[in-house]
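Peer 1: Go by the hints and put chains B and C onto chain A.
As a plain string of letters, each chain reads:
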Amino acid sequence: MAAALFLDAEPWVDWSWVSTHVPTVLGDLGQHVELTVISLAAGVVIALPLGVAAYRWTGLRLPTLGLFGAFYTIPSIALFALLIPYTGLTTATALIPLIGYNVLILVRNVIVGLDEVPRDVLDAADGMGYRPLARLLQVELPLALPAILAGVRVATVSTIGIVTITAVIGFGGLGALILQGLIESFHTPLVVGALMGVLVANFADVGLAAGQRWLLPWARSE
Amino acid sequence: MSFLEQVWRWFGDAQHWQGTDGVPTRLAEHLHLSAESVFIGALIALPIGIALGHYGRFGNLAINVSNTGRAVPSFGLLVIAFQVFGLGDGPIIIALTALAIPPMVTNSYVALREVDPDVKEAARGMGYRELAQLLRVELPLSVPLIMAGIRTSAVQVVATATLAALIAGGGFGRYIVDGLATQDYTKLFAGAVLVALLALATELSLSAAERALVPRGIRLQRAPTKRRATAFKTA
Amino acid sequence: MKRIHASRWLLAGIAALALVAAACGSTGPSTSSNKGNITVAGFNFAESSILAELYAQALEHDGYTVTRKLRLGTREVVGPAIKSGQIDLYPGYAATDLEFYNSGAGEASGDVNATVQKLNIRLQSLGIEALNPSAAVDQNAFAVTKATAQKYNLTKLSDLAAVGNQLVLGAGPECPTRPFCLPGLEKTYGIHFKDFKALDTDGPATRAAFANGTIQVGLVFSSDSDLNKLGLVVLQDDKHLENADNVVPIIRTKVATDEVKSVLNKISAALDTKTLVTLNGQVELNHQDADAVARAFLQQHNYFA
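Protein chains in written order, with the working numbering: chain A, 792 to 1013; chain B, 8 to 242; chain C, 85 to 389.
Please note that a few of the clues may not be correct.
Stated by the list, open to error - SDA-like mimics (lysine to any residue), calculated; alpha carbons at most 20 Å apart, straight line:
#, chain 1, residue 1, chain 2, residue 2
1, C, K278, B, D191
2, C, K313, A, P802
3, C, K167, A, T878
4, C, K338, B, G29
5, C, K167, B, Y192
6, C, K235, B, D28
7, C, K278, B, Y192
8, C, K323, C, D310
9, C, K167, A, I974
10, C, K350, B, G29
11, C, K167, B, D191
12, C, K230, C, D310
13, C, K167, A, Y877
14, C, K278, B, Q190
15, C, K167, C, Q208
16, C, K313, A, I974
17, C, K167, B, Q22
18, C, K313, A, D906
19, C, K167, A, E801
Stated by the list, open to error - Covered by chain A, per the in silico footprint, the following chain C stretches (three or more residues, Cβ under 8 Å):
#, stretch
20, 118 to 132
21, 365 to 371
Derived by calculation from the structure, the hints in this document are not laboratory data.
Note that CB positions come from ideal geometry on N, CA and C, so glycine has one too.
Same shape as in the complex, but just chain A (with noise of 0.2 Å):
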């Protein structure tokens, strides 16, 4: 029944293959991993400082969501392809695109984070004597921190799966799986891993999800 599946009447899975390419699926996970927990890492780091900056000063709010708005609307293999004549077949032409994708998700969360601290709250920490700096450290940021994370945890599930993209233009990760299951019509490493990319990312996000709960057990999950 289930080889009935496909058209060629072929088993999903080869367990003989997946047994004796343990090395090998493990290498493209390990490749997908490094290129989705870099570009997030980078992704944070810029959009913190950025998302504050259009929190404060509402004239940045339109350039900046513009900007990597427009980017965001460029689909990811057009713009890996892109790069290449500029950054080469190197990992930053892979990560350049993830990184814009990635602002633009933590940008918009950190700004609707802080936008949605109680002005009461605002108010209180003012008349405690809170100076601007020790305000936005200690009292806003940690309020906007439920949003800013459920935004960490849409861009990860989003770059894992844009990361299988970059197979196309030689990179490694689970889409080289998928590829070689398509360029060979062999099922299995097509099956193994679009699996694998289901699983890491659902674990990513219940990870996180529970990582939320435990840094900030007083606030509502996303």
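Peer 2: Then chains B and C, alone, in the frame of chain A:
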């Protein structure tokens, strides 16, 4: 001639606007793939989300399944659809529909759940039967969030439809994939611009539709729906 | 409240830093004795992966550190990559490569030595060279289904001139610009197809398109192992549009030391078309890995002795 000038010239070349590889043809293909997927996805997702939200049952299951759906790499899904169903538009639409469903289920479920219980209570008190309550009270109140879900889905599908070109599909993705294969970066960039413009047009037109559909009374009294990371990139 | 959870934040911060450090650090330098680094690339079809693996493994065994970029794409992607030094070596095909680097000037012929000679003239100014050609040949070939061949009585390409306008051609998107593909069919054979579908040269999309009738004529590779199984028959190239497409390593002169050259030439000498078809079959039909197939071949021929 700078690269951007070359791209400008590309759009100005009349030949690029006719024939099987012309912009109108590719636009029609891209719209066909996207619109059908979102439409069929809505037919499946909205009833499910609305019903679950109305009855308040299995919500967490629905949302978890939806989130799992979001986690499927779109490239992988398209290739699987190709290997299961073969060449053509059908398999592509099947894969894109699967991608379109999660945001619409989640949003319609949450929308129905967020309807003020007092309002529902009042409706019951006024004598509304269950179906009438749903149709004439709950749904109108849920329209903004449901439309936001449809909008998210649509923009996502338009962007992901570009990947269809990797499995011989049509649409603007063809300019990107063919441009890469022949190192014609002008064509590639033109394709990227066209997809971005189409995604933007989709977002704007569905926003306008949302404004038109939300009953005036609700629009006036309701605060704008929180735009929390509504966009989700799958391609 | 913050103080109580400070320890959790500290832990979380350390964990995050460790994760990023691990991610950044996982591509460290190799510590084995290293004669040099070479990046080997392959086109996006199985045979190229096999050939690239043959080169890569032989070089690795000889002490070089090899980075692989398999399934990189078409020659239109691989060519610029080697020109700009992003890759060092790929398994080329003499005639097609010549016509790529001379922008379709029509210099290639059926004489492999003359073709490789002209290729080297073209490559010299780019800092690239072609090594010894192999006896193994993989040419572009145009195939039709057995049913189509019977219906229109087709055995050779010239037979298509009369019926071309009723048929759809499927090939990779690079076909309309390659002299051996669409332009060549029109010029040399006078064939004008009803339509052209951009698929993938000899890939899964082309095969699927044959199967559901989207195309009637398709571009395949002559060294494919599964044409028969798919019910396809290759039309004879009676006017010799396709030329000497012998497998030949294309390598950047900077990394082409005498030792590297001798390793690669030894592999080329051991290959012939029949072997290539057999190796392809192991990957295409038996779903073995390109690198496993390559390793078995090298072991058989005592490269690792």
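Peer 1: Decide, hint by hint, whether the structure agrees.
Peer 2: Comparing the hints with the structure gives:
1. K278/C with D191/B: violated (25 Å)
2. K313/C with P802/A: holds (19 Å)
3. K167/C with T878/A: With a Cα-Cα distance of about 14 Å, the restraint between K167/C and T878/A holds, given a limit of 20 Å.
4. K338/C with G29/B: Distance of about 44 Å is beyond 20 Å: violated.
5. K167/C with Y192/B: holds (17 Å)
6. K235/C with D28/B: violated (30 Å)
7. K278/C with Y192/B: Roughly 28 Å separates the two Cα atoms, so the pair is violated.
8. K323/C with D310/C: violated (25 Å)
9. K167/C with I974/A: The hint is violated at about 26 Å.
10. K350/C with G29/B: violated (49 Å)
11. K167/C with D191/B: Measuring from Cα to Cα gives roughly 17 Å; hence the hint holds.
12. K230/C with D310/C: holds (14 Å)
13. K167/C with Y877/A: holds (14 Å)
14. K278/C with Q190/B: The hint is violated at about 26 Å.
15. K167/C with Q208/C: holds (11 Å)
16. K313/C with I974/A: Holds: K313/C and I974/A sit about 17 Å apart, inside 20 Å.
17. K167/C with Q22/B: violated (32 Å)
18. K313/C with D906/A: Roughly 64 Å between the alpha carbons, so the hint for K313/C and D906/A is violated.
19. K167/C with E801/A: Distance ~41 Å between K167/C and E801/A Cα, so the pair is violated.
20. 118 to 132: holds (count 4)
21. 365 to 371: holds (count 3)
Hint check: violations occur at hints 1, 4, 6, 7, 8, 9, 10, 14, 17, 18 and 19; the rest are consistent with the structure.
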